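Participant: Sequence:
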Amino acid sequence: MDFWKIFIVALMLVLKFLLVTALGTFISLDRCDILKDSARKPLNFMVYYVFIPALLSSSLAKTLTSNSLVTLPCVGEL
Numbered sequence: 001m002d003f004w005k006i007f008i009v010a011l012m013l014v015l016k017f018l019l020v021t022a023l024g025t026f027i028s029l030d031r032c033d034i035l036k037d038s039a040r041k042p043l044n045f046m047v048y049y050v051f052i053p054a055l056l057s058s059s060l061a062k063t064l065t066s067n068s069l070v071t072l073p074c075v076g077e078l
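Just so we're aligned, residue 1 is where the sequence shown starts under the UniProt record's numbering, counting upward by one.
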């Protein structure tokens, strides 16, 4: 693969993560008062245990193929 294609895929993953983090931070601020205290903790658990892993795995699923998995070096072979 071309270096820039890999770079763009990695960059988009990081940008999506930062966007989700910034939006969550904005919503949870006391100045905005969008979320009350009773809703922050369950939503925080859901973001960290459901949404972020789903975002990461969906980006990985787009880039990994069976051929690229075969060509990955194993850690034990180093």
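What the hints contain is simulated information worked out from the structure, not anything from laboratory work.
These numbers come from a predicted model, not from an experiment.
One or more hints might be untrue.
[Claimed, not checked] Label pairs and their calculated CB-CB ranges:
no. : residue 1 : residue 2 : range
1   : L23       : S57       : 13 to 21 angstroms
2   : D2        : C32       : 19 to 27 angstroms
3   : T71       : L35       : 40 to 48 angstroms
The C-beta atom is built at its ideal place from N, Cα and C for all residues, glycine as well.
Participant: The structure should be examined with respect to each hint, and the outcome stated for every one.
Facilitator: Here is how each hint holds up against the structure:
| no. | hint | verdict |
| --- | --- | --- |
| 1 | L23 with S57: 13 to 21 angstroms | 20 angstroms, holds |
| 2 | D2 with C32: 19 to 27 angstroms | 42 angstroms, violated |
| 3 | T71 with L35: 40 to 48 angstroms | 45 angstroms, holds |
Checked against the numbered hints given earlier, this structure breaks only hint 2.
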